[in-house]
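The numbering of the sequence shown is this note's numbering, which starts it at 192 and goes up by one.
This list has only true hints and no planted wrong ones.
Straight line, CA to CA, 30 Å or less: simulated DSBU-like cross-link-like pairs of lysine-lysine: (1) LYS350 x LYS209; (2) LYS350 x LYS232; (3) LYS232 x LYS351; (4) LYS200 x LYS232; (5) LYS209 x LYS232.
Since the hints were made in silico from the structure, they are not lab data.
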Amino acid sequence: MSGILTVEKGSPHWWLSKSIWVTPVGDPTTSPGTGNPVAGKAYNVSVIVNDLYSDPVNSGWNLFVCWVIPTAGPIPVPPAAQILNNIPIPPVAAMGFVQVETADTWTPVFENGGHECLIAVAYNAGAVGGLPVPTLDGNAPSSDVFSIAQKNLGVVQVKKGPKK
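Just need the whole structure built from these sequences, with the hints factored in.
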């Protein structure tokens with residue numbers, strides 16, 4: 192039997208997950224990483240996936256990570272350039288966790304006033320039959336076959352000073 196995996200939501204707000212963070216490429220990828228990423232700089236994205244149950248998870252779960260401009264309603268499955276990860280999650284011991292780094296780095300751009308979101312979905316690929324696209328309607332739903340969390344970030348735009 193396989194356990195159930197989760198990506199913890201934030202507290203007090205579900206969209207401030209501490210289980211999702213960015214670290215500049217080349218720096219150690221230890222939590223909590225960078226608070227506000229800089230536009231144009233490459234970042235590794237890390238996600239902690241938990242098994243909160245007494246059954247280990249050896250296979251069958253994937254981790255999908257993307258960045259989106261925040262909105263209410265269905266999470267838009269973005270163009271390929273915005274998808275950072277959709278790979279199998281390595282085995283997780285009962286009551287344990289794994290830190291997964293996305294397959295691709297993320298280079299944020301400054302748009303939407305710098306307000307962007309990283310979305311992480313751990314899902315049981317066999318049970319779901321594909322990537323679930325839940326609706327973000329004031330909360331991030333979860334079930335025994337998928338768990339979704341979000342990290343809101345303020346992307347910083349560095350302006351160059353006057354030439355001397």
